[in-house]
Amino acid sequence: MNISSLNLTAIAPQIIIIITALVVLLAELFTGRKSLLAYLSLLGIIVAAIASWYIWNGTEQRLFAVPMFQTMAVADGYSLFLNLVFLVTAALSVLASINYLVRERINHGEYYALLLLATGGMMLMGSATDLMTVFLALEILSISLYVLAGFNRADLKSGESALKYFLLGAFASGFLLYGIALIYGATGTTNLAAIVDFLKGTGPMRGTYLFIGLGLLLVGFSFKIALVPFHMWTPDVYEGAPTSVTAFMSVGAKAAGFAALGRLLLYAFPTLLGDWVWALAVLSVLTMTLGNLTALAQTNVKRMLAYSSIAHAGYILIGLIAANEAGMAGVLFYLLAYAFMNVGAFAVVIAVGREGEPNLELSDYAGLGSRQPLLAAAMAVFMFSLAGVPPLAGFFGKLYIFSAAVQAGFVALAIIGVLNSVVSAFFYLRVIVYMYMQKPIVEARPVLAPPLALAIALAVLGTIGLGLLPTPFLTLAQQSIAMLFGA
Amino acid sequence: MPIDYLPILILVIVALLFAALALLVPALLGPRKPTAIKFSTYESGKIPFGTTGRRFPVKYYLTAVLFILFDIEVIFLYPWAVVFKALKLFGLIEMGVFVLILLVGYFYVWRKGALEWD
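Chains A and B, in that order, give the protein sequences.
Numbering of the first sequence is given in our numbering, commencing with residue 252 and proceeding in unit increments.
Numbering of the second sequence is given in our numbering, commencing with residue 274 and proceeding in unit increments.
Calculated directly from the structure, the hints in this document are not laboratory data.
All clues given are correct.
Restricting the straight-line Cα-Cα distance to at most 25 Å, the calculated cross-link-like pairs of lysine to any residue (SDA-like) are:
{"id": "1", "chain 1": "B", "residue 1": "Lys385", "chain 2": "A", "residue 2": "Leu277"}
{"id": "2", "chain 1": "B", "residue 1": "Lys385", "chain 2": "A", "residue 2": "Arg354"}
{"id": "3", "chain 1": "A", "residue 1": "Lys285", "chain 2": "B", "residue 2": "Val382"}
{"id": "4", "chain 1": "B", "residue 1": "Lys385", "chain 2": "A", "residue 2": "Ile357"}
{"id": "5", "chain 1": "A", "residue 1": "Lys285", "chain 2": "B", "residue 2": "Ile374"}
{"id": "6", "chain 1": "B", "residue 1": "Lys385", "chain 2": "A", "residue 2": "Arg404"}
{"id": "7", "chain 1": "B", "residue 1": "Lys332", "chain 2": "B", "residue 2": "Val382"}
{"id": "8", "chain 1": "B", "residue 1": "Lys361", "chain 2": "A", "residue 2": "Ala263"}
{"id": "9", "chain 1": "A", "residue 1": "Lys285", "chain 2": "B", "residue 2": "Leu376"}
{"id": "10", "chain 1": "A", "residue 1": "Lys285", "chain 2": "B", "residue 2": "Tyr381"}
{"id": "11", "chain 1": "A", "residue 1": "Lys415", "chain 2": "B", "residue 2": "Leu335"}
{"id": "12", "chain 1": "B", "residue 1": "Lys332", "chain 2": "A", "residue 2": "Ala405"}
{"id": "13", "chain 1": "B", "residue 1": "Lys385", "chain 2": "A", "residue 2": "Glu361"}
{"id": "14", "chain 1": "B", "residue 1": "Lys385", "chain 2": "A", "residue 2": "Ala278"}
{"id": "15", "chain 1": "B", "residue 1": "Lys332", "chain 2": "A", "residue 2": "Leu280"}
{"id": "16", "chain 1": "B", "residue 1": "Lys358", "chain 2": "A", "residue 2": "Leu257"}
{"id": "17", "chain 1": "B", "residue 1": "Lys385", "chain 2": "A", "residue 2": "Val274"}
{"id": "18", "chain 1": "B", "residue 1": "Lys385", "chain 2": "A", "residue 2": "Arg356"}
If we strip away everything but chain A, and leave its shape as in the complex, we get:
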């Protein structure tokens, strides 16, 4: 064993993010200006993005996979595309956080360190090729998020959010570990490539342990990405956590869960996917339908967005069920689109909110169109995109995923997905109706802080850009998943 076998250049993006987190933690001790830490974090995020880009460009052929730490993780197109999703989410969340933290009097430097550590965990999850690495990455990510969810110590709801998330998250980790243990018992390895070899050697293997192991693994992941009926914690956690944290974890944690799940199901267990595909289909239908129907009844915008994020997990799951290249490319595209539109929507919630966030009800958005036309226009873009109205990012994400499902023969699933999108249009458009067609409530015009405005502007740019020019990003997604199917 020597240093070069670790292949540190391949894991450079993750290392850069973790080092930045440590530097931020230390810098916090010496500086009173917390915004400095935010910009330091942004710098680290940008450098990590550049490093990802270099790894992508540094290889001649598209079908590349650079192993690191022997066979524990890998840098391939899939992990690098996901790095992009996570880094976009982290960057937008940091920008949206700067003034929010000051307003809510929770401006502690640890916030940025924890956010970066969680991002590092997410990135590691996208590149994990060993069940142990998957678990390690998931814990790095989850533990940081437990603390972030309870970051507003003075707020009871925030504490409740953290405790609920911690208890159910730990419970889910238990399922996951049990699943890993059973899979190890059945195959004798935790390494994904070795599992693939093992399954090839045994032919159409239908071992009971393997079957149950994969089932437990799916339950664990279902908790983490909030699929119905494992979603109970989501609305309370998302509502209670500080809004900037909700923005970050509703996208990042979900994308990380789908990242690891995609690699597991499509790369390591494609032969076993058939056993579980109907269970996944039922989960997907339940998730979409329950998420959307419950969101209809919400009057609190933050809670509505929480239920909407449950529904979106259902849509994305369809892409995994399709289990073809179009479906997986669709999933990656959707995750990128979701990062822009969902963090953007939460950024607007931050912008509309006041200290203590007493005004998260729909009625507080009445007349926003005349009070703050630009902010209302941005919110309208995000809502239209989440509802799946062309030509915005959300529409193409849904289009790719649903058409992949039809290709794979899951026509009914695609139809249910489309029907659900129609239902969801009601509560997304209701926000727009409130903003533009209700009498404005008289209130002083708050000044939009520049970093928050920048975050919203970038999110709008991403949402519209992915919608108007989807092809280059879809091509990128298609190239990046080649490894999952090529091997």
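Fit chain B to the known structure of chain A by using the hints.
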């Protein structure tokens, strides 16, 4: 083979029997002369005062967590020291990175005043 585990089964049964016996025999044979002091809560020999449901400083918790953290660090150092020669420079660098990350944490709690009692 399951038969290989028979000694373990026997050990479990013996342990259960011994525990049951140790509880049963005194209960059956021992004389009972209860007094107020015998029925009070056992506090390691001290005379108990106050109730258990009282507040105590969160610093105990903090100290305990920090102790566990650095205790675990030392536990990792032992196996590393045993195979140090086989791992050569690689092991030294890896352990250096490990200790460095923990040092950042140590420095953080130090500067934050978590190690001060007052």
